[in-house]
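There are 2 protein chains.
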Amino acid sequence: MENKAIGIFDSGSGGLTVFKAIKKLLPDERLIYFGDFARIPYGTKSKKLVQQYALEDARFLMQYDIKMIVVACNTASSMALDFLKDNVDIPVVGVVKPGAMAAAGKTRNNSIGVIGTSATINSNAYSQAILENLPQADIYSNACPLLVPLVEEGWLDNKITQLTLKIYLKDILDNNIDTLILGCTHYPLLGATIQKIVGSHIQLIDSGQETAKTVYEVLTKNNLHNKGSKKDDDQFFVSDIPQKFEEIASRFLGEPLKNVKQVSFDDMNLGVDIISK
Amino acid sequence: MENKAIGIFDSGSGGLTVFKAIKKLLPDERLIYFGDFARIPYGTKSKKLVQQYALEDARFLMQYDIKMIVVACNTASSMALDFLKDNVDIPVVGVVKPGAMAAAGKTRNNSIGVIGTSATINSNAYSQAILENLPQADIYSNACPLLVPLVEEGWLDNKITQLTLKIYLKDILDNNIDTLILGCTHYPLLGATIQKIVGSHIQLIDSGQETAKTVYEVLTKNNLHNKGSKKDDDQFFVSDIPQKFEEIASRFLGEPLKNVKQVSFDDMNLGVDIISK
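Protein chains in written order, with the numbering used here: chain B, 1 to 277; chain R, 1 to 277.
Don't read these hints as lab results, they were simulated from the structure. There may be inaccurate statements among the hints.
All copies of an identical chain are treated as equivalent in the list; a pair is satisfied when it fits inside any one copy or across any two copies.
[What the hints assert, rightly or not] For lysine-lysine, the following PhoX-like pairs were computed, each having C-alpha atoms within a straight-line distance of at most 25 Å:
| # | residue 1 | residue 2 |
| --- | --- | --- |
| 1 | K258 | K48 |
| 2 | K227 | K24 |
| 3 | K196 | K159 |
| 4 | K258 | K231 |
| 5 | K244 | K48 |
| 6 | K166 | K85 |
| 7 | K231 | K244 |
Using the sequences provided together with the hints, build the complete structure.
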């Protein structure tokens, strides 16, 4: 059991920031990543559809006899985590709870901001997870749908990105928060720009980094750590290879992707049809 | 034959600008619209995948015994029009050729600009279609991936949208164009802002409006005009109902959508599996 891989999925390349954090913390674990580029983005879609897509992604990864699933996507974690746990029989870790717990632990004035996609923010998943850990918290959140396209365009710190962030963050900053959750795996790439706008007195929470710590804990608790050193390379699967794929993916991973294979859901019988009926 | 409906599809709501233009020019025709919100956007995806999606969309509409298909999406028109024509037996009209022909007819200095999604621009479909009509044309094009998210966010004329347009249009305007094709069905909503930035001496071509004229001509040529006045209402089908659907859709149509039904591709056997293998 202990030498099985960890499966990680996202709607596209954003989850590579989580992949990178897990790889750094757990260098002896073999990782299998699936990016659902054929149906990206999830953040603008309905809950039912995100649940269907997430279960298909999980079933795809489970074909590789993995020991754990990491939902490296805030939208899928917000909308489909409990649903996934009900439908698979290995541990499932999302990015929302680790980020929420870290924020609840670090805030001093109990005022926490959250930014994410429309789907993530409207789900209230972060608010619920924060309040479970810190019932007296005041939470101020805002959906920021333009940030993902800005990151994909590679505009990480130009005037347009700064102005957009100022609009999206205005109401949150008016509420004297001391902690801000980056509730989307694309946002760590805007971390330096966001920190400049919010000021150094506000601490940013990168849910991906916090998730890596949770993955470590779950492996420990279930005695699932790889016993030896890693023998096989990590693998990447994608459901489409769009233009600029390599440029975008390496922006997130910090290095070029190796071992990338394209797959098609139509070639598989993942048994998820019932979800959409 | 003549009282059949016209089928129109797009990846989402952008095609409603084309729907609106056709409805205005052909008020006696019944229209059936399909918006593939479950897989929106197409503009960032690969050619093979866009072809598969387009054929599935067309097969879906053909279940309603339509007399013609309008591909109300620049990406699908650029990447999948010939492929569709090879695979269906009714007339298929896209938005690229009508826009290209109009631009070739209207330019006086033979310098034409084109803006669109990454997929549309990289396909070179507009350049090819313009050169077929005007071999001596000089064409300057640029992919503008942030414009669709800006329109979806409803930021049609704020400072961010203006700055973004200035960046995207700079190189094109340096080349003394007198005609600019809005090569994406979202862009007509930015028409006034774009006109302000490029100046009144540059004429904008709205491919959707030109497409409505082509639809009229194809109906005439094939003797397919509805003989009486319209008896049944138009219908709208969508593959997902995302948040803000009504707000976004009515922004494009100029009025609320009635008769909207959600459908799932998983419930159908559209016979397109072979495409992705």
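Right, here's what the structure says about each hint:
1. In this assembly of identical chains, the alpha carbons of K258 and K48 lie at most 25 Å apart only when taken from different copies (22 Å versus 33 Å within one copy).
2. Proximity of K227 to K24 under the C-alpha cut-off of 25 Å is restricted to the intra-copy arrangement: shortest distance 17 Å within a copy versus 69 Å between copies.
3. Both within a single protomer and between protomers do K196 and K159 lie at most 25 Å apart by alpha-carbon distance, with minima of 13 Å and 21 Å respectively.
4. When the C-alpha separation of K258 and K231 is checked against a cutoff of 25 Å, the pair qualifies only within one copy, where the shortest distance is 16 Å, while the shortest distance between copies is 58 Å.
5. For the homomeric pair K244 and K48, the shortest alpha-carbon distance between copies (15 Å) is at most 25 Å, but the shortest distance inside one copy (30 Å) is not.
6. Taking the closest pair of Cα atoms, K166 and K85 never come within 25 Å of each other, the shortest separation being 37 Å inside a single copy and 47 Å across copies.
7. Taking identical chains as interchangeable, the C-alpha atoms of K231 and K244 are never at most 25 Å apart, the minima being 31 Å within one chain and 48 Å between chains.
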